[in-house]
Structures are given as structure tokens and as C-alpha cells.
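Visitor: Respectively, the protein sequence lines represent chains A and B. For the first sequence, the working numbering gives the first residue as 1, with consecutive numbering after it. For the second sequence, the working numbering gives the first residue as 1001, with consecutive numbering after it.
These are calculated hints, taken from the structure and not from any lab test. The structure displayed is predicted, hence computed values, not measured ones. A virtual CB, placed ideally from N, CA and C, is assigned to each residue, including glycine. Errors might be hidden in some of the hints.
[To be verified] Over 12 Å on every C-beta distance to chain A, these chain B residues come out as not near it, computed from the model:
| # | residue |
| --- | --- |
| 1 | V1076 |
| 2 | L1079 |
| 3 | Q1158 |
| 4 | H1310 |
[Said to hold, decoys possible] In the DSBU-like style, the derived pairs of lysine-lysine whose C-alpha atoms are separated by at most 30 Å in a straight line are:
| # | chain 1 | residue 1 | chain 2 | residue 2 |
| --- | --- | --- | --- | --- |
| 5 | B | K1204 | B | K1248 |
| 6 | B | K1060 | B | K1095 |
| 7 | B | K1286 | B | K1248 |
| 8 | A | K110 | B | K1095 |
| 9 | B | K1060 | A | K110 |
| 10 | B | K1157 | B | K1132 |
[Stated by the list, open to error] Pulled from the structure, derived: some chain B residues nowhere near chain A, Cβ distances all over 10 Å:
| # | residue |
| --- | --- |
| 11 | N1070 |
| 12 | E1073 |
| 13 | S1077 |
| 14 | T1084 |
| 15 | F1131 |
| 16 | D1136 |
| 17 | L1156 |
| 18 | P1161 |
| 19 | S1164 |
| 20 | D1173 |
| 21 | R1207 |
| 22 | A1210 |
| 23 | R1211 |
| 24 | Y1243 |
| 25 | S1268 |
| 26 | T1281 |
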Amino acid sequence: MDGNISGSSNGGDTMIDESNKVTFKKVTYGLIPLILLGVVIYVLFREGPLAIFQKDLPPVEELHVMRHSLAEDVIYLDIVNSGPDPCTLAQVMVRGAFWQHGVSPSRTLKPLEKARITIPFPWNIGEPIEINLLSSTGLSFVYEIEVASTSPVPTVKAFGRFALLGIYVGVIPVALGIAWFPFLRLLGRNTLGFLLYFTVGLLVFLAIDAVEEGLEVAEVLPSVYHGKALLILGIAGAYLFLLGLSTRRVNNKGNADSTRVVAWLIALGIGLHNMGEGLAIGSAYVLGEFTLGALLVVGFTIHNATEGIAIVSSILKEKVNLLFLVGLGALAGVPTILGCWIGAFTYSPLWAIFFLGIGAGAIIQVIEAIVGPRSRIENLAPLNLLGLLVGFLVMYGTGLLVGAA
Amino acid sequence: MKPWRNYIFITLGSLILLGTVYITHSFSSLENESRDISLGLDGLNLEPFRNGTVGDVTSKALDLDRYIDNYMEGTVSILPDGRTLRSFNIHAVNKEIEIAPGIFFPAWTYNGHVPGPTLRATEGERIKITFKNLGDRPHSMHFHGFHKAEMDGAMLKQMVPEGSTFIYEFDADPVGVHLYHCHATPLTQHIHNGLYGFWIIDPKEGRTPARELYMMMNGFDPNYDEENEIYGVNTIAFHYERYPIEVKQNELIRIYLGNILEFDMINSFHIHATFFDYYPTGTQEKPRDYTDTVILGQGERGIVEVKFPHPGDFMFHAHKTEFAERGWMGIFRVLPMEETQ
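All chains, full assembly: derive it from the sequences and hints.
Guide: This is the structure:
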């Protein structure tokens, strides 16, 4: 193909330059299409053949509430213009009544421009509040605060409280799971295969869970942000990155390291998953949709303890020190705290989707590392397949306990 | 260092970097959090907890200060038989109006206003209305009152095509406060979009001298969900709350009241700190009610006669409070006797 291009234009005079030298010719040839593209865009917008299509159509208005927060007697709404045309916010109705409010920095928003609405409203705790944003053409955009409650302000105390929440649902359970390490080492070879497949069962469940959660968040995001594409980008990006990483390492080095790497990767994937879990818990807690009851703590403990088993099951044959295990546990558990903080104090669905995608991609790569073509386990042994099933069912069962998150 | 370690560090490093960007990005939004609610962030002064719209209308399309007591009396001539002929010129035209501060609505209007001009005649006069349709679809004028079938402006064949003119002729009868409106279909939209007005017939002997106002209770559904978002009298939400109507203590005030509201079953009218005589449709000499609240269905109208015994600011509004909080709210500013003398 290269030959065709150069041959037809310059009679075989120019060959594709194999060197990496920057030449005038290269730069010029690279820039010409770009310059032409610029000219085309300029002509389209300036000289207006596009006007044929725009004519007679009213502007498309779309305001989207990204997030709300409540302080005593005030409602804050962070909005974005998610439509293709500028949109002016004219008035605000709270529970069907026009209400005084301020908008910063501007009432007229260009596409993707953001603003904050401040509404002094004597809201009551526990009640739902429906808010109607009216544009200058009278179109209304409805937003519902499902349960009104004071939004946490990022004070040291609140950080501490949400850190504790993260420790309860993420760090402690994972650590408990890892504490099984000495016991698991005592088990025989068959049991190891069972355990690894058990882990795969857990991971499959977590991957499905992360994708589902990501799709759910993508659903509420305005279409202009392409939430689903972002999720896929996260999944594919993480998967390919980790795949490249592990294959290159295998090419370079022996086996002792490879299992350790798998353990790190499992911990990483689970850590990202737990961060997503923390995000969900933190924001649900703030939105008043979730309180951490005793049943939930137990549910999370069992659910996440299995994640600890998953992490260490790949290194049962290795000599490891305590520090290594602590490191794995921290990588898998601590992100829960981060997730709780972010979910509670500031929540951006855009980033949440991306992280959920990365988590899912990492988990899928780990599954591939355990049972993929380079695996050293007898793949179709009945006991192993049983392990897969049990792993999935355990996650499913404990997942029932934490249905809310 | 073993080569694979480099990759672990790259992975962790890039994740930490991403995470840092995410967290700083997320928390940076918290910095603008203003807890000071007394300041309108766009320069307006916020009164905490105050129901109502923000700002004021900027469009000059509607003039509500004039359109509460400005009557169109037409041109008068004497017919060969000695009767008075009263002629009006009305045209239908599309016009964008501002129905609440910052909210613009593409209305269909009579003479460029919603409600249309308040036509006024005396009982027994001959009425001639030259109606020109400058709109972009067929419209009509349908008058409440006595008239011949071909003057009804309601049947499909009676619609006036765009660009055409039609002359309505009938006698001013009976005495009272009536409506006129477009009867083209879809009827709900033609009325909702603004084609309606008062049509007042005074008794020959006249009524007791009074300060006379008219109030057409109306509403708007700018997002077409068949539910009104904006209510008011004479169109603009909260207008007479922003600009109270000044009246004198103990002065007789006569309000020609009508309800043209679409989508809602009823509307109501309530005045604070006084009671009024209510004459449904204004056809009888004696009031039906002595009250402070009346309920009107669509198309109902009547005359309110009221005096304020005390000076000060008094609300008048729909006692359907949902409507009141969506714009149907006004204030009478009653000036004390000594000040007005």
C-alpha cells in the first residue's frame, strides 16, 4: 500500500523513509490533510452550508443535574448543559412552586458548561424533593432528591467516619480472607486447583458486578458523555495494559515471579473493584438510600473475605513474607476507603464509570492469567469446575446479603 | 531489580496518578461551595425561603400596568334608525411574549396582547367587529352573547383563513362581563396559546362609579405536558406582586373577573382582609355572594365589588395555593384616606 502511494504520486522517486528523522517532507505531508480539514470546518461553519440543516429547527435544550448537596435551609445543584446548543436557565421550581435562587457563574450555559444553583429552601429531613429547572423557552428539566439529608462536609471527623466505613466493609474482610493463607498452604495439590477455580468463580461474579454497576451509572449520565463507551474503554484499556505487562514479564523471566505478579494483579483488580464498591456505598449513604446495618456488615465481611482467599490462592506454593501479604491486602482493601470518601464528599459519575471499567478489565485479565493458555492447572478437572461453580455461588449468596450496595 | 517489578511500578504509578487527578478534580468543586445564602450568586439579592420567580421581565411585549384598566371602546357612529354602531378592529397575530421573568412563549394573540383587548359597549348597541387574521393558520372570534348562527365563529366553515378578513355583526346583549375567544381546533391549544379576551356590556343606566379593573385568570404550559407551569392574572406570573395595584381606602373597586385556564378544572380568587359582593356573569342586579373567595370553572366570569376598610398591603391570589405559588399572586396597596385626600 505504501508503495502504491509513493509510486503513483512521484513515479517511485520517493520511498517511505524508514528512519525516524523528522524531515520537511514528512511534516508537510502530515500537515496537508490537517490544514484541509481546518479549511473544511471553517467553510462549513462560516459560509454556512450547515445552515440548510439548522434552519427552522428550534434549539435543542438540555440541562442535567450532575449532583446535589444539602446544607441547612439550602439546596445546591451542580448542573451541566448536556445539549448541543446554548441553554438559559430562567426559573427554578421546588415542589411545583417557583423559588428564589442564584446561579453561578452564569444563567446561560454553552454546551458542556457547568453552573451551580443555590436555592434557599427550608427542606425537611427524610422527605423527597422534586425540583424543576425551567429554560427560557419554558422547557422543564426535572430532578428528584429521593431522600433529603444533610450532605457531609469534608471535615476531619467526617473523613474519619467514612474511613471507618471503608475499613469495615473493605479492609478488615480482605485481611481476614488473607489470614487463611497458612491454612490454605497445608492443603494438597487437588485442593489448590479447586481453590484457584473457586477464585475464578468469585472473580467472574465481580467482573459481571462491576460491568453492571458501570452500565447503571452510564444510564443516568447524559448521552453526550458516552458513558458506555467510557466503560468499555476502561475495561479494554486495563485488560490490554495488564496483558501486555504479564506477557512481557513471562518472556523475560522464570516462574517464581509470575505467580507473584498474578497475586499482585488479583489484588489490584479487587482493589479497583472495592473502590467502586466504596463509591457506591459512600454516595448511597449520603443520598440516604443506605444505612450500614449489622446484617450489611456481616454480609460485606463474608463477601469480601472471599476476595482475600482469591488473592492468596495463586501464591500458596511460594515463599512469602508477612510484608508481602500485608501489601497485597492493602492494595485490595484500602481503595474501599478512598471510594467511600469520594462517594460521600464529591461524586462524579464520569470518573466512577471509568474506574469501574478499569476494575472489570483488570479482573478479566486476572481470570485469563489463571485459566488462560499459559495456565499450569489441569483446566477441566471435575473438582476444578466444581470450584468455579462454588466460587460463583458463594459470591451470589453473600451478594444477597448486601443487595443494597 | 527484576524487570517485572518495573511494570508493577508502572501500573501502580499510573493508577496513583489517575487517582490523584480524580480526587483533586473532584474535591476542587467543593471550593466554590458558598454557604452565604443572602447573596444571589448572579448579582441578585436572595431573600431566603421566598417563594417566587427571580428577576423581572425585560420584554416590552406586554404592558400589564395599562392592561388592567384599559378598555377598547371602538369608534362610534349613528345608524339610520338612530341606534349606536360601535366598530372594532381586531387582528390575530403571532407574537413572542414573556410570561414570567426570562421565560418566553410563542403566543397567538389578538392585537398583540394576551389577554386580547377588553372590548366594551353599552347594552343594545350594534356591534361591528372587523377581524383580520394575520396569523399563520385559520382562527376565529367566538363571542359569548346573543347572535345569529353565522356570527358564532365556531363551526369549521366559520374559520377565517390566514390573510383573510371577516366582519362579525351582532347586538350588545345581555348586560354583563363576557368572553370572546378563538374557536378553531385544536381548541385547547388555540385558547391556551392566547386567543381570548373580555367583552363587557354595560347596562344603559350605567353602574355605580368605581375604580374598575379587569383580571383574566390564565395559565401557561410552555413544556406541553398538559399541565400549567405558570399561572397569573393577565398573563405575567407574580406581576402584581412585584408591582402592587394602588387603590384608596374605602374606595369602591369593581373587578371584572374571568377564568380561561386550560388543563385545570377550576381556578379561584381570594382577597385578604376584606369581603366582596360577587355577581356571577354580571347579569343580575343583586350579588349572589358576600364572601372573600370564589371558585370559577373555565369560561366562568363575574363581577367583584369590594372596598378595603384598612390601609396597607393585602394579597389577592388563587386560593388554590398551588396556582398562587406558580405565579397567581398579587398585592393591593391600599393608601390611607388622609393621604389620598
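Visitor: Now tell me, hint by hint, if it's right for this structure.
Guide: Verification of the supplied hints:
No beta-carbon of chain A comes within 12 Å of the beta-carbon of V1076 (chain B); the shortest separation is about 41 Å. Every Cβ of chain A is farther than 12 Å from the Cβ of L1079 (chain B); the closest lies at roughly 47 Å, confirming the non-interface assignment. Chain A leaves Q1158 (chain B) outside its interface by the beta-carbon criterion, the shortest separation being 31 Å against a cut-off of 12 Å. Here H1310 (chain B) stays apart from chain A, with its beta-carbon at least about 28 Å from theirs, past the 12 Å limit.
Note on K1204 (chain B) and K1248 (chain B): the hinted pairing holds, with a Cα-Cα distance of about 27 Å set against a maximum of 30 Å. This hinted pair checks out: K1060 (chain B) and K1095 (chain B) have alpha carbons roughly 12 Å apart, not beyond 30 Å. Distance check on the hinted pair: K1286 (chain B) and K1248 (chain B) sit about 24 Å apart at the alpha-carbon level, within 30 Å; holds. With a C-alpha separation of about 27 Å, the suggested pair K110 (chain A) and K1095 (chain B) falls inside the 30 Å cut-off, and the hint holds.
The suggested pairing of K1060 (chain B) with K110 (chain A) holds, with an alpha-carbon distance near 26 Å, which does not exceed 30 Å. Note on K1157 (chain B) and K1132 (chain B): the hinted pairing holds, with a Cα-Cα distance of about 16 Å set against a maximum of 30 Å. Distance to chain A confirms N1070 (chain B) as a non-interface residue, since its nearest Cβ pair spans about 27 Å, more than 10 Å. Distance check on E1073 (chain B): its Cβ is at least 34 Å (rounded) from any Cβ of chain A, clearing the 10 Å threshold; non-interface status holds.
With a cut of 10 Å on Cβ distances, S1077 (chain B) stays outside the contact zone with chain A, its closest approach being about 44 Å. Every beta carbon of chain A lies more than 10 Å from that of T1084 (chain B), the smallest distance being close to 43 Å; the non-interface claim holds. For F1131 (chain B), the non-interface assignment is confirmed: its Cβ lies about 28 Å from the closest Cβ of chain A, beyond the 10 Å cut-off. With 10 Å as the threshold on Cβ separation, the claim that D1136 (chain B) sits away from chain A holds: the shortest Cβ distance comes to roughly 13 Å.
For L1156 (chain B), the condition that its CB be more than 10 Å from all CB atoms of chain A holds, with the nearest at approximately 28 Å. For P1161 (chain B), the non-interface assignment is confirmed: its Cβ lies about 22 Å from the closest Cβ of chain A, beyond the 10 Å cut-off. Distance check on S1164 (chain B): its Cβ is at least 25 Å (rounded) from any Cβ of chain A, clearing the 10 Å threshold; non-interface status holds. At roughly 39 Å from the closest C-beta of chain A, the C-beta of D1173 (chain B) stays outside 10 Å, upholding its exclusion from the interface.
Distance check on R1207 (chain B): its Cβ is at least 36 Å (rounded) from any Cβ of chain A, clearing the 10 Å threshold; non-interface status holds. A1210 (chain B), annotated as away from the interface, keeps every beta carbon of chain A farther than 10 Å; the closest lies near 32 Å. Every Cβ of chain A is farther than 10 Å from the Cβ of R1211 (chain B); the closest lies at roughly 29 Å, confirming the non-interface assignment. Interface exclusion of Y1243 (chain B) from chain A stands, the closest Cβ pair being 17 Å apart, more than 10 Å.
With 10 Å as the threshold on Cβ separation, the claim that S1268 (chain B) sits away from chain A holds: the shortest Cβ distance comes to roughly 17 Å. Under the 10 Å C-beta cut-off, the non-interface status given to T1281 (chain B) relative to chain A holds; the minimum distance is some 32 Å.
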